[in-house]
Each structure stands twice: as C-alpha cells, then as structure tokens.
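Participant: Start from the sequences and build out the full structure, keeping to the hints where you can.
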Amino acid sequence: MKSSSSLYHTFRAALLFALALCSFHAVAAPGGSAIGSAPQGTLVIIGGGLRADNAEVWQRIVKLSGGPGARIAVLASAAMNPEKSGESIIQKLNQYGADAFFVPLAVKLPNRDYRKAAEDPAIVTQIKSASGIYFAGGDQGRITQALLRPDGSRTAALEAIWSVYRNGGVIAGSSAGAAIMSTTMFYDAKPVLDMLKMGVTDGREIAPGLGFIGSDVFVDQHLLVRGRFARMIPVMLKKGYHLGLGIDENSAMVVDAMRDVEVIGYSGALLIDLSGAISDRGVKNFNISNAAISYLDRGDKFNLVTRVFTPSPDKADNKLDPNQPDMREPVFTNDILGNNAVLDLMGNLIDNAQQEAIGIAFGNPRDPYPDLGFEFRFSKTVNSVGYSSTEAEAYSVLKLRLDIRPIQLRQPLYRYK
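Using mature numbering (1 follows the signal peptide of the UniProt record, and there is no 0), the letters of the sequence shown map in sequence onto residues -28 to -1, 1 to 389.
None of these hints come from the bench; they were simulated from the model. Don't take every hint at face value.
Below are the DSBU-like pairs computed for lysine-lysine, each with C-alpha atoms no more than 30 angstroms apart in a straight line [unchecked claim]:
| hint | residue 1 | residue 2 |
| --- | --- | --- |
| 1 | Lys56 | Lys35 |
| 2 | Lys352 | Lys211 |
| 3 | Lys210 | Lys256 |
| 4 | Lys35 | Lys169 |
| 5 | Lys211 | Lys256 |
| 6 | Lys64 | Lys88 |
| 7 | Lys291 | Lys273 |
| 8 | Lys162 | Lys56 |
| 9 | Lys211 | Lys169 |
| 10 | Lys100 | Lys88 |
| 11 | Lys371 | Lys162 |
| 12 | Lys100 | Lys56 |
| 13 | Lys352 | Lys291 |
| 14 | Lys56 | Lys88 |
| 15 | Lys389 | Lys371 |
| 16 | Lys80 | Lys162 |
| 17 | Lys80 | Lys64 |
| 18 | Lys211 | Lys389 |
| 19 | Lys80 | Lys100 |
| 20 | Lys64 | Lys273 |
| 21 | Lys273 | Lys371 |
Computed Cβ-Cβ distance ranges for the label pairs, DEER-style [to be verified]:
| hint | residue 1 | residue 2 | range |
| --- | --- | --- | --- |
| 22 | Pro337 | Gln31 | 47 to 53 angstroms |
| 23 | Arg300 | Glu363 | 21 to 27 angstroms |
| 24 | Ala27 | Lys88 | 35 to 41 angstroms |
| 25 | Pro342 | Pro40 | 54 to 60 angstroms |
| 26 | Thr362 | Ser261 | 31 to 37 angstroms |
| 27 | Tyr388 | Asp343 | 17 to 23 angstroms |
| 28 | Gly124 | Pro82 | 23 to 29 angstroms |
| 29 | Glu328 | Asp85 | 53 to 59 angstroms |
Glycine included, C-beta positions come from ideal geometry on N, C-alpha and C.
Facilitator: Below, the structure written as structure tokens:
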C-alpha cells in the first residue's frame, strides 16, 4: 500500500499534467490551426551569448535529447552565415556527446531556395530522425521567414519540428532561437527606451513567433545585460500576456512538459506578472501600476501552471527575515536599463529595511523627446519574499511591485561648471 506522501506526489503529478494538457491544448498554432495534443518534450531557452565552456547548458541539451549519441538537428536559419554558425554549434554539441547535424534550411544559405527546402521530403525526414532541435542565434525574422509560408501556415519542415517536440524531443534555441519560443516575438525592435516613448506596432517591433512555450507566456532574451525587461511590459500589455519570462545571457530556462521552469547556467531570469496590473489611459505616455516582478536565480524552479516557486538547494533553508534586514541604505539608480542594474536594485531592496527603491531611465539630450523619462518604482508588499544563497552572494527575489510612470526632465540635464 502506498504511503500518504507517495499518494500526495502521485496526485500532484497527475493534477499538474492535466493542467498542462489543458493549457497547451488550446494554443493556436501559426496559421490558426490548433495544436492537437500537449507537447511531451522540453524547451531549453537560452538568453544568447552561450559560451563553449558552459557545460551545464550544453550537457543538459544533450542529456534531454537522449544522452551520448543523441541526434540533434541544428537549424542556423537566423544566421547571416548559416554554414559557419551551424558548424560551430555542431562542434560544441558533439564535444558534449551529441551526434549533431546541419539542416540546410536558411534564408541566407547560398545557392538554395529556402521555400523549396522547407517542403523537401528529404529534409522533413532528416528533422524527424532527430530527438533534439537547436535554433542558432541571429535574426529571428529569418527563422519565421524560413519556416512559415507566406500565408502564415506551417511548412512541412516546421510540422516535422513540432512532431519531434510533441513526441518528447527537445527544442533548444539561443538569442533569436529563444525569441521564437512565444507566439509573439520582437521583430525590428527599437531601443528599449524608445519603445517606452514611442510605443509598439504589430509588424514592426513585433511579429508572430512559433509559440513552442504556449500562448500564455511571452519570452525575451539578453535580458539583464541589455535592460530588456522594460520592453517586455508594453508588448505584454498590447498582446494580452499576463506572464513574461526574460532569460539572461549565458543562461537558460528549461521548460518541461509539466511546465516546470528551471533556470540553469551563469545567471538567471526575470519573471513579470501583469495579472493585477493597470494602466492610466488618462496619462498620455506609457505607464503601468501594480505589476509584479521576480528574479529567478540559477537553480530556482517555477511552475507556470500552479505558480509555485522552488528555490535552489543552496537557498532552500535561507529565506530572508524581513525583520532582520542586512541593509538600511536607500536604493536608487539613475540608469535602471543599464547592465544588470535592475538585478542589483532588486537584490539590494529585498534584504533592506527600506520598503521601496527607485530607478530612472532617460535618453540622450539629442533624442527626439529629450525631456521625457520614466520612473521605475519597486516596492515590497506582504507577498514579497527573498532567499539568499549560502554559497555565493546571490538572491532570489519574488513578487516586488513595479510601477512605471513618465517623468519630465529639466533641460539641459547638466551644465558645465
């Protein structure tokens, strides 16, 4: 007879699977057709800049694809030089035990018609022989151009990729290969601050992605290094996403069939939740109130269905006590969009006697709107939680409130003394 603990875990697994099935079953595929069944495979969403010595990420891709000798199809469709990019990735995958091979399907591949290649039965068979798919970085618009027909429907090659995924295979992608994971992707994006100032337009800054993660989660990459969390929010509002995941460089999010997200690699990911957020339409410029922002560090897990967070083993027994903060100084940055600025601010706030922190963003005095900037106000609420690592100076930060509002900057911003 099973113990009560075993019965609990069995029940939980069944419940999560049912919820995941429901979540995926309703996802619309490119071209409007519904996905027939819940994918049983795994996504490895890499934030770009994946180093050759990042064994944790490379080995995970190979292991999930079947281990030593795993057949992994490499699509360098996004690259300017697909053959060179593809060969580099093949070498790295094979270094970690895979049997990777190049799929000759790319807009920039010389002397080949990518439209014909996408419908070629030989290429379809080649893709279906794989247990893993790897999308290289570059321009994500080239991936969708190569794999979607002009009417938006799936090519035979894309159907083969979905078949691999549904049958338990791995879909991995770095940078551009990460951008295509959601149903909406950045296409010809303006700089982050310009997007806040001038807005987001379908067909320009954003376009349809391939939707492997489902229709309910928006994905972005190069997140912390480039301050891109701020560009995710206007897109999420425009397209109706409640959840957004942004993964940093040399790091990856592993998303399994149960919709558990595990962060691996060098850094972490930001989770943005807009389910309780509102905007004031009476304010001319972009604004939002009551967004929730979390930082998932390497080793952390988060379930997209249950919204349950599990800290990494080195943080599990080190939940921060809000009554015994380590810091008391005010937290402020005048460049919230700078390299890792948002992560530093969130870490300094969660273990602080201060209840809020402020970051601002403004542009070059020669920009079209030099007097328009934005205030990012991060606040602790009763739901805010922090964990500290016992092995390194690292935090996991859950559910800070984020309010963004436009501010007017006095011109000139500075004078010579």
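Participant: For each hint given before, does the structure comply? Return the numbers of the non-compliant ones in rising order.
Facilitator: Checked against the structure, the hints that fail are numbers 4, 15 and 18, while the rest are satisfied.
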